[in-house]
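Can you build the whole structure from these sequences, using the hints too?
Spelled out, the chains give:
Number of protein chains: 2
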Amino acid sequence: MPTNPSSALSALGRRTTEPAISWLMKMALEHPKLISLAAGFTDNATLPVAETLDLAREVLEHARSGQSALQYGATAGDPTLRELTAKRLHRIDTGKTLRTLPPTHAPERVLISHGSQQLLYILIEALCDPGDIVLVEDPTYFVFLGILQSRGVQARGIRMTDDGIDLDHLETVLGELKRSGDLPRVKLLYLVSYFQNPTGITTSLARKRAALKLLRQHERAARHPLYLLEDAAYRELRFAGDDVPSALTCDAEDRVLYTSTYSKPFATGIRVGFGLLPEPVLSTVRRIKGNHDFGTANFLQQLLARAIASGAYDRHLKTLSERYARKSGAMMHAIQRHFPGNVLCRTPRGGLSVWARAPRSLRTGMHSAFCKSALEHDVLYVPGELCYADDPTRRKPNHEMRLSFGSAGEADIRKGLERLGALLQEALG
Amino acid sequence: MPTNPSSALSALGRRTTEPAISWLMKMALEHPKLISLAAGFTDNATLPVAETLDLAREVLEHARSGQSALQYGATAGDPTLRELTAKRLHRIDTGKTLRTLPPTHAPERVLISHGSQQLLYILIEALCDPGDIVLVEDPTYFVFLGILQSRGVQARGIRMTDDGIDLDHLETVLGELKRSGDLPRVKLLYLVSYFQNPTGITTSLARKRAALKLLRQHERAARHPLYLLEDAAYRELRFAGDDVPSALTCDAEDRVLYTSTYSKPFATGIRVGFGLLPEPVLSTVRRIKGNHDFGTANFLQQLLARAIASGAYDRHLKTLSERYARKSGAMMHAIQRHFPGNVLCRTPRGGLSVWARAPRSLRTGMHSAFCKSALEHDVLYVPGELCYADDPTRRKPNHEMRLSFGSAGEADIRKGLERLGALLQEALG
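Listed in order, the protein sequences are those of chains A and B. Note that this note's numbering has the first sequence beginning at 290, numbered continuously upward. Note that this note's numbering has the second sequence beginning at 290, numbered continuously upward.
Treat the hints as calculated values from the structure; they're not laboratory data. Take the hints with a grain of salt, since some may be wrong.
To be verified - Per the computed footprint, the stretches of chain B lying under chain A, defined by three or more beta-carbons under 8 angstroms from a beta-carbon of chain A, are: (1) 338-351; (2) 408-419; (3) 596-606.
Note that the coordinates shown come from a computational prediction; the quantities given were computed from them, not determined experimentally. Think of the CB as a built atom: it goes at the ideal place given N, C-alpha and C, for glycine as much as any other residue.
Here it is, written out as structure tokens:
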């Protein structure tokens, strides 16, 4: 009897499907001349190559600091980086520079991770059992949906408005879950609150406050805390408008789990994310991280601590902001020029992409004629359907596209959108 | 009704206890003059500070290679590093330099991770459900026991001989599990096969081959593959004797999961581990890693790829080997001089520690009078009990100590062992 090799896999192993990103990468490989408006990569030309060498020199030119950077550190992260992170976030959140930080922004609450993705993963491990429910924006970050699916956790979509999550719909869904007795299975609401991936929408503070209040009102029926997981990964990729304070600024009850990253704004090859977490989530996440890797690579943490302390990090944000303003401008200009008027796009103020909504009659999914035709013309986008949870309460939308200006150059952006525009005109006109 | 904050935690979150390492670190903080023979840190003085700066310069002084290092990479790892890893491992395993590698050592089988710890974690995720059983050496690497405990997986200890795992006992245990109908819950046998943590024992190739054969014979009753997980984390920390080929060299049936690391031999602050895995484990692990972090920090991978390609890595191994030979020699010399004759220690040929076995009458555990007294004299060791699984089939041994020469300097090693020796003489004499 030959043994089936797959039969040794765990339930999690069997559930974990090939991620959407593999399909996107396969398409890129099969079309060598492809203009990818799908990649989540950042802009190559802005990567801080010289700055990183300077930082490496500072860290490594003295034996003592060099040895400390090349040795193991603590699981929670480098103490200096944790403190810099808490102070910096508090300053951005409040505009103030205080000596003693409030509990929500205490350095002890900071946990450093191998990119913020790792923290999202561990948070779901720490809070959710298979069969639990996580409320997500509809649409949302597709790799997060992959985590939930792999771990047997159900996603339930909450509609969005231009100002962030639709509070009426949140209330309706919470009410339905309460009536059906499913509220104890709900652990958290996940918001990508700044320049949301994929829609680009930023959630206002008022809306975050109201969402927290709604969650709080349902805790009695849930019989446990209902957390707001605020994923601020794109917060520092802002090139227009003002910053919005984080949900931490209105978190009187230790219900906000804040995650963000230094990788996307600084260098995606240097994976350092962070979170500010209340107890008992903090200790639980730290222990689980101890089992994952007992701490993020110390060398990377020390490079970033230097970048922040020296001002190199903030200077780099300025460069980024100018560059992405120009590239997103080029994209919006090409869209206006080439896209039919019934394809709606919101002008981005940050992040790495534009969300394009075609009339419902046009299908944009992975297996659609339109997507195939775009690939034949060497253009790839992220089909909108990938960003929607499997939610039996609504039909999965399949008429949108995420168009990224992160990695493609301006000429390619123009060329790609011209081709896509022609195909849209043909399909819709 | 106040909500209990812990009530939102998942079963995994609740199960994940504070790791032993936290207790060890707390002891170190409470005793500022402590000589720690407990830390798993490597030797600070040998960390390749200047070499790393040279590598960083090579990677970052040209925009093109710098940008590539600072950008995201593929989830499975940098293709160059994967190929170098496969070739190097094959050369070490066989002494040959082939152009085309056999399937067991194919570059496609290599997966790069954020330290080998991450790979151990994901392998357990991929293969084990709560309630499953993993066979481990008795004693074994205590952080691995933490992973199993956190994930609700049972550990079952297999006795060791001086030559590695006790094959008779392995056969007995497999037979018992077969009779009790528990074999389908067994997924793998975990061996720390080189300079085992904590005993220092290296498993011979004959024994690995025989263990594979025994596992294979029980697959019918298990109804799935039974894997041999070979953790070779200490393989390159060898300072005496010859290397032993890995279990991959006798893996005709795709049953060996090989994990190792560049972090411990090169720099623990640069976390880069790797594995060579057969399908379908490889794809499953890669997908799960996609959810964890979609790839290990590219910058670190490119530093290591350069270190290996340029020979800097191999040169560094030579430095390490000389240094650890001297430090372990100092430790063995002090043990001979100060320890009573009935405390047995094996002369190490690699790794970072010596395993000391006192008569059973002496308890060495965390809460023992002996351990307290050692701490009062500012000496800390890893109590042997921490390295044993909770296994109802035997009483947990509590009369051993792991004494590390990794991080302490030679003077501290001598002083620490003199003090420990005096306490042992007092307790046993």
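Verification of the supplied hints:
{"no.": "1", "hint": "338-351", "result": "holds (count 8)"}
{"no.": "2", "hint": "408-419", "result": "holds (count 6)"}
{"no.": "3", "hint": "596-606", "result": "violated (count 0)"}
Hint compliance for this structure: hint 3 is the single one not met.
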